[in-house]
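**Student:** Whenever a hint applies, use it, and build me the whole structure from the sequences.
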Amino acid sequence: MMGRVLAVVVALTLSLPAQNATRDKNKASTKGSVPRTPDGKPDLTGVWQSGSTVKGSWEEANSGTGIGGTGKNPSAPAILSASDRPAAAERAPYQPWAAQKVLESYKNRGIDDPAAECLPPGVPRTSVLGLFPTQIIETPKQIVILYEYMHEYRIIPLNAKHPDDLSPTYMGDSVGRWEGDTLVVDVTGFNEKTWLVGTGTFHTDALHVTERYTRVDKDQINYDITIEDPNVLTKPWVIHTNLMLRDGTRLQEYVCAENNLAPAFYERMQKNGINFQRP
Amino acid sequence: MKVEFRAKMIPSQLWRLVAAIALLAIPLAAHHSFGAEYDANKPITLTGVVTKIEWTNPHSYFYLDVKDEKGTVANWKFEGYGPGVLYRTGWKRGISMKPGDTITVTGWRARDGTNWGHSRQVTLASGEKLFFGPPAGTGDGGSVPPVEVK
Numbered sequence: 001m002m003g004r005v006l007a008v009v010v011a012l013t014l015s016l017p018a019q020n021a022t023r024d025k026n027k028a029s030t031k032g033s034v035p036r037t038p039d040g041k042p043d044l045t046g047v048w049q050s051g052s053t054v055k056g057s058w059e060e061a062n063s064g065t066g067i068g069g070t071g072k073n074p075s076a077p078a079i080l081s082a083s084d085r086p087a088a089a090e091r092a093p094y095q096p097w098a099a100q101k102v103l104e105s106y107k108n109r110g111i112d113d114p115a116a117e118c119l120p121p122g123v124p125r126t127s128v129l130g131l132f133p134t135q136i137i138e139t140p141k142q143i144v145i146l147y148e149y150m151h152e153y154r155i156i157p158l159n160a161k162h163p164d165d166l167s168p169t170y171m172g173d174s175v176g177r178w179e180g181d182t183l184v185v186d187v188t189g190f191n192e193k194t195w196l197v198g199t200g201t202f203h204t205d206a207l208h209v210t211e212r213y214t215r216v217d218k219d220q221i222n223y224d225i226t227i228e229d230p231n232v233l234t235k236p237w238v239i240h241t242n243l244m245l246r247d248g249t250r251l252q253e254y255v256c257a258e259n260n261l262a263p264a265f266y267e268r269m270q271k272n273g274i275n276f277q278r279p
Numbered sequence: 001m002k003v004e005f006r007a008k009m010i011p012s013q014l015w016r017l018v019a020a021i022a023l024l025a026i027p028l029a030a031h032h033s034f035g036a037e038y039d040a041n042k043p044i045t046l047t048g049v050v051t052k053i054e055w056t057n058p059h060s061y062f063y064l065d066v067k068d069e070k071g072t073v074a075n076w077k078f079e080g081y082g083p084g085v086l087y088r089t090g091w092k093r094g095i096s097m098k099p100g101d102t103i104t105v106t107g108w109r110a111r112d113g114t115n116w117g118h119s120r121q122v123t124l125a126s127g128e129k130l131f132f133g134p135p136a137g138t139g140d141g142g143s144v145p146p147v148e149v150k
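Chains as they are written, first to last, in this note's numbering: chain V, 1 to 279; chain L, 1 to 150.
A few of these clues could be false.
Stated by the list, open to error - Distance windows between CB atoms, simulated:
1. L/ASP65 with V/LYS107: 29 to 39 Å
2. V/GLU179 with L/THR45: 52 to 62 Å
3. V/GLY273 with L/GLY100: 45 to 55 Å
4. L/SER143 with V/PRO114: 16 to 26 Å
5. L/THR45 with V/LYS141: 53 to 63 Å
6. L/GLU148 with V/ASP164: 36 to 46 Å
7. L/VAL73 with V/LYS271: 36 to 46 Å
Hint data in this document are derived by calculation from the structure and do not stem from the laboratory. Cβ coordinates follow ideal geometry from the N, Cα and C atoms, glycine included.
**Tutor:** What follows is the structure in structure tokens.
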């Protein structure tokens, strides 16, 4: 599998040399250290790692952490997973009844995680992962985001409206617009089969996510997320994180259904009465 | 969450430690729950001969023939990252570890008591150390629930 790249990435990349050449030619027009497209917008194109604040290549930024590179101490560091609340984020403001349901999943150590069934993780869960790279391809009319994790993608038309006939989906329907130097993405049309961020963070089909991508310099995009779902939350849940540029990283193939043993393992443990719950 | 301090920590190691602490906030995607399948209170270190490697998603597996003090051989199965993450973690498929290699693995045992474990660090036949899987606790919700406990 090493060396294989998503076919869609290849196709899109092959279609971009002219654009890249134009971008290189326009480096002189870059304001500050934020790369810009020929039409003056911040250029978000690149391969990114979410959640990190460390500059450099994937290997440089992750060496010794257990995400990448080698390490000496197998017990450290204990890095938070996608089933955890990001350290910088406030706890999810669930209504009391809904909080109990979230806690039930937490107590059961997330065995009801839809991702364990190889289902799409949804938004923003897919966007805040640190283990897998994300590729953004920016054009004047649309932004394309490719996620290695679960082979997900989003096509985000700019200055467009959501279709009137939306069917509920795992990744929702995204439309974008530029507010100054910030790309604002409005996401709606979700089904109820994904988690937001962290174990058990369920939602209803009233979910509305607003993302703000602001490239602050060559290396970093500030990524701010507002999550609204009046059916389960008491107020919008706001999460601030960021994406770091990882030049040279290629998205790899990720076919989750290939050898997914988790559901059978969970079933076997429950059948055999093996206790795995939190006390 | 433990970070091991060593008496003679050199500057580059210190840098790594700082980087590691800075990265603690990274949400990692574990495909499934560590805590449901594995017991963080049952760490294990085994040395044996690799019999098979499965480079598959969402997780890779390798199998190890381990001989006990009586000379009885048991085949163990260890789980870790999928191939894409292993590639970025420094693994070279077909080169780093091959059937027949004698390696040492550190990880945690499965709750069902079978010869199954979650692998963290592998010391390869060459002496090189690489991570084959994430730390204990990945993917099961961490130490703090995402909502207030009342």
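**Student:** None of the hints should be skipped; say for each whether it holds.
**Tutor:** Hints versus structure:
1. L/ASP65 with V/LYS107: 29 to 39 Å: Holds, since L/ASP65 and V/LYS107 (Cβ atoms, about 38 Å apart) stay within the stated range.
2. V/GLU179 with L/THR45: 52 to 62 Å: 54 Å, holds
3. V/GLY273 with L/GLY100: 45 to 55 Å: 39 Å Cβ-Cβ, so the 45 to 55 Å window is violated.
4. L/SER143 with V/PRO114: 16 to 26 Å: Since L/SER143 and V/PRO114 have Cβ atoms about 23 Å apart, the given range 16 to 26 Å holds.
5. L/THR45 with V/LYS141: 53 to 63 Å: 55 Å Cβ-Cβ, so the 53 to 63 Å window holds.
6. L/GLU148 with V/ASP164: 36 to 46 Å: Cβ of L/GLU148 to Cβ of V/ASP164: about 39 Å, so the range 36 to 46 Å holds.
7. L/VAL73 with V/LYS271: 36 to 46 Å: Check failed, 29 Å falls outside 36 to 46 Å.
Checked against the numbered hints given earlier, the structure breaks hints 3, 7 and satisfies all the rest.
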